[in-house]
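Enquirer: Produce the complete structure using the sequences and hints provided.
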Amino acid sequence: MIYRIAIEKGEDFGYVAHCPAIPGCHSQGNTMEEAIENIKDAIRGCLSALDEELISTGKEIASIEVTV
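Just so we're aligned: 43 in our numbering is position 43 of the sequence shown, and the numbers increase by one with no gaps anywhere.
A hint or two may mislead.
Simulated DEER-style distance windows between Cβ atoms [said to hold, decoys possible]: (1) I2 / A62: 14 to 22 Å; (2) I7 / S63: 24 to 32 Å; (3) I55 / D12: 35 to 43 Å.
No lab work stands behind these hints: they were computed from the structure. For each residue, glycine too, the CB sits at the ideal point set by N, CA and C.
Expert: See the structure below:
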């Protein structure tokens with residue numbers, strides 16, 4: 001999947017990355033490259049947590065990728 005991220009220079013150090021498509025999904029790194037790798041891990045973690053949350057409801061849920 002492809003997610004758009006936003007990266008900004010941190011106030012204190014390094015870079016802060018956000019994934020607007022996933023509320024609360026943020027990360028940081030000392031360099032822009034490190035922030036990008038860290039936000040990838042954060043996205044994977046957030047999606048995994050969302051999957052677990054949906055599965056725990058006991059409802060039948062389909063996960064489908066769409067291209068816009």
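Enquirer: Looking at the structure, which of the earlier hints fail to hold?
Expert: none
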